[in-house]
Amino acid sequence: MTTATAPETVTSSELLSVVASRELAARRTVFAGIGLPTLATELAHLTVAPDIEVVYESGVCGAHPSHLPETIADAVLISGAEAVLSMPALFGCVLQGGHIDVGFLGAAQIDRWGNLNTSVIGDWESPAVRLPGSGGAVEVMANSHEVFVVMRRHNPRSFTGTLDFCTTPGPDRALAEGIRPLGAGVTRVITELGILARVGVGSELKLIAVHPGVTVNQVRDATGWELKVSDEVGTVPPPTAAELRLLREDVDPGRVYLR
Amino acid sequence: MKRTETADDAGKVMSMKEAVAAFVHDGATVSLEGFTHLVPTAAGHEIIRQGRKDLTVVRMTADIVVDQMLAAGCVSRLVSSFVGNSSAGSLGELRRRIERADPAPLAFEEYSHYGMVCRYLAGSQRLPFYPLRSYGGSDLPSVNSDLRKVVSPYPGPGGEQEQIYVVPPVNPDVTIIHAQRADRRGNTQIWGLTGIQAEAVYAAEKAIVVVEEVVADEVVRSDPNRTVVPSHAVDAVVVCPRGAHPSFAQGYYDRDNAFYRAWSHISKDPERLRAWLAEWVYGTADHAEYVDKLGEDFWAGLAVGEALSEPVNYGRRL
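As given, the protein sequences belong to chains D and C, one line each in that order.
Quick note on our numbering: the first sequence kicks off at 1 and runs consecutively.
Quick note on our numbering: the second sequence kicks off at 1001 and runs consecutively.
Looking at chain D on its own, in the form it has when it is part of the complex (with noise of 0.2 Å):
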């Protein structure tokens, strides 16, 4: 039976995890949560980097699940992982000890130096809304090489020209404070308009790629700032069929994440 794969037919989640897999090319060491990071992970170990180890923030090293995790604490992480440490030695050690290539964050809120909101909309005292907050992302941001973010959403609220509160910041901000941090802060911004890229401290988020479809406008429409956008704008490939055919078959037969 041959899996449909005609562009209409991507869902966002598999578009989003397609082009997160691509950028860790290479990459050794990554970070990540649960959802569009794990199959964005897990496609990449498939296709473009065999020897990815994906660290979770449980405390899992080199994990072999059985099954998708629903978790990052999920026990089918833990059977057969390759080791399990305390929270001290997974912070501590691992990762502020400058062992993670990529930090794989989300958030409410970005702006254009790739500062991130995950604890409130409206005032921190008296929130519209109260959301989780920082988890482990103040530290995956200071001391991870380099950070990408997936955001499901691109609108001029998520993308904003000013945070209602920085919980998680980049190293423009930390610096600006007297205090420097390890990595380079957020490289890459994937969205379901495109790929926004920053290449390090003293850089701002540039447009760098479209979807097939998506026009630049678009983006700059999208976003809650004075989008800089790169003199040679590229159109994303596609998610191939190969690609598509991994992620739906071996990654995520059972479509826990490519809702």
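Restraint-style ranges between C-beta atoms, simulated for each label pair:
1) D:T240 x C:Q1163: 46 to 54 Å
2) D:D123 x C:Q1163: 27 to 35 Å
3) C:G1051 x D:A128: 26 to 34 Å
4) C:E1213 x D:S126: 42 to 50 Å
5) D:D123 x C:A1216: 54 to 62 Å
6) D:R245 x C:D1223: 42 to 50 Å
7) C:L1308 x D:G98: 32 to 40 Å
8) D:V256 x C:A1278: 29 to 37 Å
9) D:G80 x C:H1232: 30 to 38 Å
10) C:A1216 x D:L46: 42 to 50 Å
One side only, chain D facing chain C, incomplete, derived with CB under 7 Å:
11) A73
12) A75
13) S86
14) M87
15) P88
16) P127
17) G135
18) A142
19) C166
20) E177
Which bits of chain D does chain C cover? Going by a derived footprint, with three or more residues having C-beta under 8 Å, they are:
21) 49-63
22) 79-85
23) 90-102
Bear in mind the hints are in silico, worked out from the structure with no lab data behind them.
Virtual Cβ for every residue (Gly too), placed ideally from N, Cα, C.
Assemble the complex: chain D is given as a structure, and chain C must be docked to it using the hints.
Using the frame of chain D, we list chain C on its own:
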């Protein structure tokens, strides 16, 4: 070399009712730890049944059990680094308390995960503070005055002066953890995710360890590396099978993911939440009743198969 065998008494084993009555007092600072794995839910429920008030709860991942304790009116202050229902949605009561002070305000001290880890490290080692490379440029220090910056007394890698954030120790009046097994004196063995449990116990004045089963001393001593918390740090051992539900106990039962998803809906409606507490917490005398009420068919759905570790040889002198 001969040593006197431990007296054959009950050790520190007591019921959940006795342990909570003895060690959890109104107004106390209570740490409940277990990072998704081994969440001490049954202990939280007994705290609710006994009607504790004005607690400061310290928990890295404030999740369902914290939402339930909030709804029961046990908690006036929360110290945490993640206040969400895992990846399954929101904590309804927590959001009402923080967003609208409904039905009462909640003092909230917001940290990141490693900030909490460092608070336990400082607390367990009786240090005045613990440094970490987080928070530079964050708005968190503006809402949490305990996040403070110091100048390192040593030169940085390039000889320059280095600034670094520090967090204060946390020393709970009591820490409660759940574990797979312990001996009757409290030598506690955990496998799978071990999280921050050891540091949380050592940081506290008193510690309650809730276990799936109490095992013979020889079982623990056959594998001493698996002991995460030794008996000298433990004040009470409570036997409470399935006491971590809806979280899981590696090798004993799996996580009840359906309940996590359901909680987002239950907790969204204050009436429904209170009805849930009335039925499942106030309406059960203890956790054994809660377990029975769920029924054997339910538990069969969370059963796990075997994945045994290879034994290791500790050796013995010939």
